[in-house]
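S.K.: The residues making up each chain are set out below.
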Amino acid sequence: MDDALARSEAAGPEPLPPPSSPSSPPTVDVPRPRRSPGQWLQIFVPYIPSFVPLAIVAAIVVTLVLVTGLAPLNGLFTSKFAPTPSSGPASWGILVFVTGSFLTAVPALFFSMVIGLGIAIASVVYLPRIVTRFLDPCVDLLAGIPSVVYGIWAYLYVSTYFGSTLNPFLFRNLSWIPGVGGPAPPLSGLGLPISVFILTLMALPITTLLIRDALRTVPRDLWESGLALGATRWEVTRRVSIPYGRGGILSAAFLGFGRAFGETVAVAMVINVEASYPHNIFQGTGTVASLMFSILDSAYGNSQFLAALCYMGLALLAITLTVNVAGRYFISKLSATEIAGL
Amino acid sequence: MALPSVSTGATPDDNILFDRSARTRWRIGFDRWAGRLLPFLFLVAILPILDVVYYISKSALPTLTLKVLTDTSYRDPDALGVPIITTAEMMTLATLLAILFGLFGGIATAEFLSERAAGWARTFANMLAGTPSVIVGYLGYFAFCLYFGWGYTMIAGVLTLSLFMTPYIFRIADLAFSSIPRHIREAALGSGARPYQYILKVGAPIAFPQILNGVFLAVAIGVGETAPIVLTTHGSVILPQSLLSPAQFLTATIWENFNSPFPVAVALALQAAFILLVVVVGLNIVVRIISARYRKRLEGLFQ
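Chains as they are written, first to last, in my numbering: chain L, 1 to 342; chain A, 1001 to 1303.
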């Protein structure tokens, strides 16, 4: 027995039976149908309207690239943006604005994820269905309010609270933290904090909606087995629901970041667009989208200026498209009707 | 109600159900307080909505008269007649164009494309929907205003806006036709309907409410857009005489006047914001009511 085993091992594995064993049905070569040009046209025609969005995206990219001409600009990857300097050549650094976009979008994403997670857990786990049927649409309505309305509300009304109360309070009590001390916050209340506030509100509906859907996809079996083992609702949420729905939560983070990063008008109204790094968290700075929007008029006729703006546009497009595609990748079973408008 | 007492001879410490250790009390208390406190986070979302509506209404309503809403004479720049009528015209045209660009693509994606090609088409639609509005505005500015030489005209604004609205209509058409149950589709095609007959006579009646809903949603999104419009057409005080004359959109009025040093101009911006808010929130509520009603009605069909 042992010898036989040793011999068979020495001989290597037994050769596989030939693929066409007599028991399997014989394969018949069906010739592919020959199609006339008219039939090929019939197959091809539906692809034309289906790829209109691709054509529009391609048109955007081609337009931006053509305007830049892919020409090297002076100091493009520096943080010095000076279109009309008093002396010397103009400098077209875009890093200040990319940094500014991250400075506003990342805190906004953090706040909206934390609040969104709380709202979603309250809605799915704790509140009765009859209450959430009225509360959930209210959160979704946040997404419906136009950004320019948020902007005028924040500029005329909310900024007074930031200028008179919140910013001085933070400045007095937290100025030992690096980044909070330094020059006193502007009295107008415009600047980074109110931009983060507005962006949090604008990212909140999409993060809440996606996290809610992720938590709802948890099978009832898992939920009830957790409870039956003696865990509290909070513990089942923490140890079962959130790990189970982590794909949806990740997609909420990606799409919320995309929303906050690309937001244009509301930020342009409240951030005090400036072409410099902020000295502390109360100052204004520029984001890519808000600068592209508010300065295009003054770039008319200056081809280098337009090229610099289009380089910024390409950077913005690359970041938002990457984030969006990554976010959609994680959405699996979603109530697609609700997401269609976001 | 008192529980029946069963004498088993066990002390409470032996049984997990009578566990009153500090850790268990902490766990149960944490859960209970999470349930009490987390719902208050809804206020973070709901209070800003109420505050926006309250502030905008409070500032706009006292000065909002019928004359402000309807006066279109250029002698009176403190009226909103011109932007309101122009916005209605432009939105009508842009919605029609967006339906033209998006509807057929969505239907073809759902009905004719292979699974793989449809996945790509949906990815591109999602990419376009995720594109920041200022980038679409740049396309309109460079392509329509400068390259085609149209300048700040109504047609440039309408086209840009329709490009912005296209992916929403595309996705909702795709979704509406994809969610028609398989057995209905196969019954129609199996009894000899041509694909176009199936789409027109079987698919369209089922998908229509959802598509109409999507169109409303796209209008609500489009009418609130500022960047694509301000970059392609603004700064007119009269009604557009033709497609090639400048036009004034409602959001552009807000953007031009919100930080004006003149209180009259700021009041005008607030009135425009109020009208916009009423239209957009109204459309959103209508969309929700329609979708809730038709979901119920369609569920019966899908069983």
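Honestly, the hints are just simulated from the structure, not real lab data.
C-beta: ideal position from N, C-alpha, C; glycine also.
Take the hints with a grain of salt, since some may be wrong.
[Stated by the list, open to error] Over 10 Å on every C-beta distance to chain L, these chain A residues come out as not near it, computed from the model:
| hint | residue |
| --- | --- |
| 1 | 1062 |
| 2 | 1066 |
| 3 | 1127 |
| 4 | 1150 |
| 5 | 1183 |
| 6 | 1184 |
| 7 | 1200 |
| 8 | 1259 |
[Stated by the list, open to error] Output of the computed footprint for chain L on chain A, the stretches with three or more beta carbons under 8 Å from beta carbons of chain L:
| hint | segment |
| --- | --- |
| 9 | 1025-1033 |
| 10 | 1085-1098 |
| 11 | 1225-1236 |
| 12 | 1262-1275 |
S.K.: It remains to establish, for every hint, whether it holds in the given structure.
M.R.: Status of each hint after checking the structure:
At the 10 Å boundary, the C-beta of residue 1062 of chain A stays outside the reach of chain L, the nearest C-beta of that chain being 15 Å off. Distance check on residue 1066 of chain A: its Cβ is at least 23 Å (rounded) from any Cβ of chain L, clearing the 10 Å threshold; non-interface status holds. Once the 10 Å rule is applied to beta carbons, residue 1127 of chain A is inconsistent with being away from chain L; the minimum gap is 5 Å. Annotated as non-interface, residue 1150 of chain A keeps its C-beta farther than 10 Å from every C-beta of chain L; the closest such distance is 15 Å.
For residue 1183 of chain A, the condition that its CB be more than 10 Å from all CB atoms of chain L holds, with the nearest at approximately 20 Å. Against the 10 Å criterion, residue 1184 of chain A stays outside the reach of chain L, whose nearest CB is about 18 Å from its own CB. Residue placement check: residue 1200 of chain A keeps its beta carbon more than 10 Å from all beta carbons of chain L (closest about 15 Å). At roughly 7 Å, the least C-beta separation between residue 1259 of chain A and chain L is not larger than 10 Å, which violates its mark as non-interface.
With 4 residues carrying a beta carbon less than 8 Å from a beta carbon of chain L, the segment 1025-1033 of chain A meets the three-residue requirement, and the given coverage holds. Taking a C-beta to C-beta cut-off of 8 Å, the segment 1085-1098 of chain A contributes 0 residues in contact with chain L, too few for the three needed, and the coverage statement is violated. Taking a C-beta to C-beta cut-off of 8 Å, the segment 1225-1236 of chain A contributes 5 residues in contact with chain L, enough for the three needed, and the coverage statement holds. Only when three residues or more bring their CB closer than 8 Å to a CB of chain L does the claim for the segment 1262-1275 of chain A stand; here the count is 4, and the claim holds.
Hint compliance for this structure: hints 3, 8, 10 are broken, all remaining hints hold.
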